[in-house]
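**Q** Full structure from sequences and hints, please.
These protein sequences, in sequence, are chains A and B. For the first sequence, position 97 (counting from the first letter as 1) is numbered 107 according to my numbering, and the numbering increases by one without interruption. For the second sequence, position 92 (counting from the first letter as 1) is numbered 344 according to my numbering, and the numbering increases by one without interruption.
No lab work stands behind these hints, which were simulated from the structure alone. Cβ coordinates follow ideal geometry from the N, Cα and C atoms, glycine included. Do not rely on the hints blindly, as some may be mistaken.
[What the hints assert, rightly or not] From the derived model, a few chain A residues whose C-beta atoms are all more than 10 angstroms from chain B:
| id | residue |
| --- | --- |
| 1 | ARG18 |
| 2 | PHE25 |
| 3 | LEU41 |
| 4 | VAL62 |
| 5 | THR101 |
| 6 | ASN110 |
| 7 | SER118 |
| 8 | MET156 |
[To be verified] Computed footprint of chain A on chain B, listed as stretches where at least three residues anywhere in the stretch have a Cβ under 8 angstroms from a Cβ of chain A:
| id | region |
| --- | --- |
| 9 | 294-304 |
| 10 | 309-318 |
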Amino acid sequence: MRMSKIVRFSADVLFGAILIFGFYIILHGHLTPGGGFQGGAVVATGAALVIVAYSYEEVLHMIKKAGLMLQESAGLVMFAGVALIALGLGTTFFFNYLANSGLLFGMSVPFGPNPGELNTGGVLPLMNIAVGIEVWGGLAIVILYMLSGISKAEEA
Amino acid sequence: MRKELSILIIVILGVFLALIAVDLTFGAPDNSAMDDYFIRNGQEQAATNNIVTTVVFDYRGFDTLGESTVLFTAVIGVALMYRKLVKGDADENE
Numbered sequence: 011m012r013m014s015k016i017v018r019f020s021a022d023v024l025f026g027a028i029l030i031f032g033f034y035i036i037l038h039g040h041l042t043p044g045g046g047f048q049g050g051a052v053v054a055t056g057a058a059l060v061i062v063a064y065s066y067e068e069v070l071h072m073i074k075k076a077g078l079m080l081q082e083s084a085g086l087v088m089f090a091g092v093a094l095i096a097l098g099l100g101t102t103f104f105f106n107y108l109a110n111s112g113l114l115f116g117m118s119v120p121f122g123p124n125p126g127e128l129n130t131g132g133v134l135p136l137m138n139i140a141v142g143i144e145v146w147g148g149l150a151i152v153i154l155y156m157l158s159g160i161s162k163a164e165e166a
Numbered sequence: 253m254r255k256e257l258s259i260l261i262i263v264i265l266g267v268f269l270a271l272i273a274v275d276l277t278f279g280a281p282d283n284s285a286m287d288d289y290f291i292r293n294g295q296e297q298a299a300t301n302n303i304v305t306t307v308v309f310d311y312r313g314f315d316t317l318g319e320s321t322v323l324f325t326a327v328i329g330v331a332l333m334y335r336k337l338v339k340g341d342a343d344e345n346e
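**A** Printed below as a string of structure tokens:
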């Protein structure tokens, strides 16, 4: 099933905006409300918009199931990997070894209310990104699989 | 009869929930030692302004790992369930 040209054009225009908003929520997870799970869900909404607006066969050319599955697995591996590096450094599992280190995301934060700085948080932004990749891959592939079931049921 | 019964059930449930809501107190937990610790030390220990993210990904990171694993398993389950339905697809055996 394919929607009208108006719906398809609107989906094309809105897709980029939704993606940028989702990435913003993921990347600012350690500063503003939101984080990996929420931002990943927003990005998956963009994929759902495209899936609703176009027909199943067209969507299969735009979004590859194998790629989404790879993103989902890679996100989970990255999340566990970031936590496992702490073991290699001689600290405990999930220790925040990048916080206050001066390296990537390593700036310190003063106590109390402050405007916030993107380059803070230690491993938390990395974990937010990992969870975001996992969530958008997982939710998008769930929507894609369910749509494939509907299109087969309509043919039968 | 059916309509009156459903209205009665809705009224009883509404009064019940309203009575519970009246008794609730917000903002004054009995045991606040943990919250105070997070609020006092979260910004220095994790260098993060968002205390909720600090708790979810740093202090309770192991819980989040379980959450991600649950999501991963759920997606694997959906993929397995729909696998037979979409046998005709070209990229199915990947």
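**Q** For every hint, state whether the structure bears it out.
**A** Checked hints:
1. ARG18: holds, 22 angstroms
2. PHE25: Its Cβ never comes within 10 angstroms of chain B, the nearest being 22 angstroms, so this holds.
3. LEU41: Per Cβ check, LEU41 of chain A is inside 10 angstroms of chain B; nearest 5 angstroms; violated.
4. VAL62: holds, 18 angstroms
5. THR101: The claim holds: THR101 of chain A sits with its nearest Cβ about 12 angstroms from chain B, beyond 10 angstroms.
6. ASN110: Check fails; 5 angstroms does not lie beyond 10 angstroms.
7. SER118: violated, 6 angstroms
8. MET156: Given a closest Cβ separation of 7 angstroms, the condition is violated.
9. 294-304: n = 9 at 8 angstroms, threshold three: holds.
10. 309-318: That given contact holds, which follows from 6 residues of the region 309-318 of chain B lying within Cβ reach (below 8 angstroms) of chain A.
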